[in-house]
Amino acid sequence: MLLKKYALALSLASLLACALPAWALPADLVLAVAAGESDERIAAVAKLVASGDSGVEAYFQSLLDGEVQVAGGKRVLIVKDRHAVDAATGEKVEPLPENLDDALVNNRLRGTLEGARSALKLSSPDRAARLTAVKALEDGAREEMLPLIGAALARETDPQIRQSLTLVQAGLQLKSADAAVRLAAVKALAQSDNPNTKMLLLALLEKKGDVYAEPDAAVRAEAQDTLKAVQSQLSSAERFSQIFTGISLGSILLLAALGLAITYGLMGVINMAHGELIMVGAYGTYLVQNLFRAQAPALFDWYLLAAVPVAFFASAIVGMALERSVIRYLYGRPLETLLATWGISLILIQTVRTLFGAQNVQVENPVWMSGGVEIIANVLLPWNRVVIIGFALAVLLLVWVLLARTRLGLFVRAVTQNRGMASCVGVPTARVDTLAFGLGSGIAGLAGCALSQIGNVGPDLGQTYIVDSFMVVVLGGVGQLAGTVYAALGLGMANKFLEGWSGAVLAKIAILAFIIIFIQKRPQGLFALKGRMADA
Amino acid sequence: MGPLAPHISNLYGRRGWIVLGVCALILFVLFPLANLVMPKGSLFHISDFTVALAGKIMCYAIVAVAMDLIWGYTGILSLGHGLFFALGGYAMGMYLMRMIGREGQYQSDLPDFMVFLNWKAYPWYWSFTDQFWYAALLVVLVPGLLAFVFGFFAFRSRIKGVYFSIITQALTFAFMLLFFRNDTGFGGNNGFTDFKRILGHTIATSQTRIALFMITGATLIVTLLFARAIVTSKLGRVLTAIRDAESRVMFSGYNPVHYKLFIWTVSAVICGIAGALYVPQVGIINPSEMSPANSIEIAIWVAVGGRGSLVGAILGAAIVNGAKSVLTVAFPEYWLFFLGLLFILVTLFLPRGVIGAFDQLRDRLRQRKLAQPARGSTA
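Residue numbers (this note's numbering), protein chains in the order written: chain A, 355 to 890; chain B, 6 to 384.
No lab work stands behind these hints, which were simulated from the structure alone. Glycine included, each C-beta is placed from N, C-alpha and C at the ideal position. Some hints could be false.
[Stated by the list, open to error] Partial list, derived from the structure: chain B residues whose beta carbon lies under 7 angstroms from chain A:
no., residue
1, Arg186
2, Ile301
3, Phe336
4, Pro337
5, Leu341
6, Phe342
7, Leu344
8, Gly345
[As the list claims (entries may be wrong)] The calculated label-pair distances, taken between Cβ atoms and stated as ranges, are:
no., chain 1, residue 1, chain 2, residue 2, range
9, B, Leu350, A, Val779, 45 to 51 angstroms
10, A, Ala836, B, Ala298, 29 to 35 angstroms
11, B, Asn187, A, Gly504, 56 to 62 angstroms
12, B, Leu346, A, Glu718, 32 to 38 angstroms
13, A, Gln716, B, Ala223, 52 to 58 angstroms
14, A, Ser586, B, Leu146, 20 to 26 angstroms
15, A, Asn810, B, Asn260, 44 to 50 angstroms
16, A, Phe872, B, Phe133, 55 to 61 angstroms
17, A, Ser590, B, Pro128, 55 to 61 angstroms
18, A, Asn772, B, Gly18, 44 to 50 angstroms
19, A, Ala748, B, Leu146, 48 to 54 angstroms
Make a model of the complete structure from these sequences and hints.
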């Protein structure tokens with residue numbers, strides 16, 4: 355009695371250890387897979403898969419792991435650590451039979467088995483598991499799995515998996531002997547946005563000597579049409595990604611130029627140190643990052659939230675100090691302002707070099723900004739760029755609200771339009787100048803914070819953007835935010851499109867030529883004030 | 006001449022000519038003697054290094070005069086004069102590269118950088134550059150044509166003030182990017198260097214150096230006189246009027262575009278010549294000469310010396326570059342601080358530069374002198 359109980363417990367334990375549930379597979383098929391000619395074995399795999407039994411996957415796994423042995427050419431056993439289990443029934447086999455042969459798996463069979471395993475995983479409730487299964491099938495699907503794929507397609511609800519599955523199915527059907535099936539498959543392929551589809555169709559249209567790979571002319575004609583559809587889809591994806599990088603560059607230019615639109619566009623102060631105020635913001639971000647890393651590593655992912663105000667105020671304070679100490683005395687003398695602010699920019703660059711060294715410093719993306727989102731196949735939008743586009747819009751909105759809806763904005767506009775009259779009615783013009791300049795500088799700091807997330811942070815950071823941002827303001831026209839927005843986006847897009855067509859340097863030169871020509875056509879719409887104001 | 010005809014001063018007064026003569030004497034007699042004849046180690050010996058440095062500064066002084074014509078006298082601040090300087094330098098550099106012959110590292114007929122790019126023949130724009138006269142023509146024509154075309158479009162659409170400055174800065178920036186490309190055919194970011202000879206003379210000898218130095222000195226004096234002739238002529242008066250009140254000039258029936266275009270092109274050509282003299286003396290030309298920072302530095306030379314004074318521009322170039330060559334060796338990390346402060350302090354406190362400050366001092370002294378006898382008589 356005791357012995358029997360003991361044996362039972364042992365067998366249960368070994369069952370659990372192997373994690374082999376009891377099942378029942380058709381014994382003849384199990385045997386056909388394990389031994390015999392390759393072709394027959396492959397056919398048996400497909401039949402076994404089609405049976406849809408739950409134990410099949412584990413059996414294939416064992417085959418792939420080399421745990422399957424055939425006893426006396428009849429019984430198929432799964433042998434693990436000298437414990438054998440009948441592959442068909444799941445029964446424990448003891449003692450181990452004598453005449454065991456390994457069930458060898460050659461490469462061809464291995465591929466089939468792996469594909470079959472993926473096909474089986476298609477019924478997994480876990481979406482991620484199904485997705486990996488589909489991705490695996492895209493390379494290693496066999497015709498025999500068609501029914502399974504069809505069944506999976508019928509119950510699949512996820513659009514992405516459905517799309518991939520359809521492609522796999524069509525790819526399989528193309529190999530069918532029936533021309534009607536092939537024709538339907540080619541039609542189905544037109545929905546695909548996978549670049550592999552193109553290869554599939556091209557292979558179909560290939561000509562070997564005088565013989566086409568696809569014998570049926572109707573199928574070939576349909577394949578031509580489909581190819582055209584797929585190609586246009588692919589090129590539209592490319593265009594989409596180009597538009598996105600254009601918008602992304604435009605948003606960066608917008609950030610860099612928005613501050614300038616206030617200090618230069620509204621106040622008329624030509625600030626060559628604007629780029630260096632951007633740099634101050636970027637270094638502010640760097641310092642906050644270091645502080646978080648040292649003091650609060652747990653909150654490191656959120657350091658940007660603290661860096662944004664720090665960057666703003668760092669640049670704003672530097673800007674206000676400049677306005678009070680230098681720029682104030684040069685109002686109305688734009689060329690002198692230009693030279694003096696250039697001097698300031700040199701001093702700021704050298705200060706940063708002395709404090710932080712001439713090398714670029716490392717500013718890391720927080721985890722939630724790395725990676726990207728794939729909106730259409732083959733178009734990956736990096737999160738940091740998406741976030742910066744959103745950030746640029748937010749800053750734009752902020753500036754607009756500040757200028758159009760607040761008392762400070764009212765004062766700034768009043769001083770811009772008529773300084774004397776504004777002063778007469780009690781606007782503290784000197785303080786408004788300082789605050790407005792501080793605002794413009796602070797926005798430069800925000801731009802620096804954003805730029806630190808996508809580019810190098812070094813002492814020369816500002817120099818790279820100063821020419822571009824002035825181009826934006828010159829093109830956009832003075833005294834209006836809308837012009838700045840249009841100019842930034844326009845220049846960003848134009849730059850990216852021309853870059854794809856002629857290279858980065860020629861694109862820059864073409865843009866410059868364009869700006870000069872554009873000014874020929876519309877000088878008054880851009881920046882020239884009319885009449886006597888032109889000399890003021 | 007009607008009664009309202011403006012007073013047009015002479016080229017120079019007697020004292021001016023004497024000072025100029027003394028300068029010429031120093032340049033053409035003292036320097037060659039001290040460099041070539043005096044033995045090394047002697048108190049009166051001037052080293053090759055000093056000659057090269059002085060030659061370089063004189064090239065800068067020519068540029069400063071050109072800048073003063075367009076900025077000091079016409080009120081147009083160009084931030085792209087470094088471009089014209091570099092273009093002249095590149096034109097001369099092409100000739101000097103051709104003169105290297107097969108003495109480059111690869112012993113090829115082509116310059117090393119072309120061998121490196123695997124080019125088999127000179128591109129079309131290099132043709133005839135082995136002729137000195139053609140290179141000299143390019144030195145004048147390339148900057149001149151570029152300035153003419155650019156100026157025509159810019160002045161016609163009445164771009165002025167800071168807009169013009171910014172556009173010229175963008176222009177030189179774009180050209181810098183263009184010349185940084187290897188495929189442009191001007192040696193990429195290394196530019197041209199390792200020159201061997203000029204007009205058959207080995208470039209590294211003291212004799213060639215002093216000859217180049219004297220040619221530069223002569224060019225500086227001729228440029229100064231030429232510029233002086235322009236600013237003292239009626240044309241010069243119109244230019245000054247454009248600087249002070251362009252609209253009024255227009256309303257009086259002048260077309261400022263012609264005047265501006267003329268002086269702008271002349272200024273660019275002078276810069277190109279200065280660049281052509283600069284390259285054989287310094288031995289290298291590369292795209293960093295076109296960087297916006299270089300062009301804006303030219304403006305500070307003129308500002309330090311004194312806008313609207315040709316001698317001031319020369320003085321300014323000498324002061325700033327002299328200080329640069331001393332300070333960048335002694336305190337390399339503080340040079341940018343110094344230069345930055347110079348920009349700020351000169352614009353804030355010395356709007357008329359060193360010459361202006363000097364004039365002010367002289368006027369004050371003269372007034373005191375006038376006041377003293379008056380006080381004496383009342384006593």
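Going down the list of hints, with the structure as the test:
1. Arg186: holds, 5 angstroms
2. Ile301: holds, 5 angstroms
3. Phe336: violated, 11 angstroms
4. Pro337: Given a least distance of 11 angstroms, the restraint on Pro337(B) is violated.
5. Leu341: Holds, about 4 angstroms.
6. Phe342: holds, 5 angstroms
7. Leu344: Interface hint status for Leu344(B): holds (6 angstroms vs cutoff 7 angstroms).
8. Gly345: Because about 4 angstroms separates Gly345(B) from the closest Cβ in chain A, which is inside the 7 angstroms limit, the hint holds.
9. Leu350(B) - Val779(A): 45 to 51 angstroms: For Val779(A) against Leu350(B), whose Cβ atoms are near 37 angstroms apart, the range 45 to 51 angstroms is violated.
10. Ala836(A) - Ala298(B): 29 to 35 angstroms: holds, 33 angstroms
11. Asn187(B) - Gly504(A): 56 to 62 angstroms: About 57 angstroms separates the Cβ atoms of Asn187(B) and Gly504(A), which means 56 to 62 angstroms holds.
12. Leu346(B) - Glu718(A): 32 to 38 angstroms: Holds: the Cβ-Cβ distance is about 36 angstroms, inside 32 to 38 angstroms.
13. Gln716(A) - Ala223(B): 52 to 58 angstroms: holds, 54 angstroms
14. Ser586(A) - Leu146(B): 20 to 26 angstroms: violated, 50 angstroms
15. Asn810(A) - Asn260(B): 44 to 50 angstroms: Distance hint for Asn810(A), Asn260(B) holds at roughly 49 angstroms.
16. Phe872(A) - Phe133(B): 55 to 61 angstroms: The hinted range 55 to 61 angstroms is violated for Phe872(A) and Phe133(B), with Cβ atoms some 36 angstroms apart.
17. Ser590(A) - Pro128(B): 55 to 61 angstroms: violated, 39 angstroms
18. Asn772(A) - Gly18(B): 44 to 50 angstroms: At 49 angstroms between Cβs, range holds.
19. Ala748(A) - Leu146(B): 48 to 54 angstroms: holds, 52 angstroms
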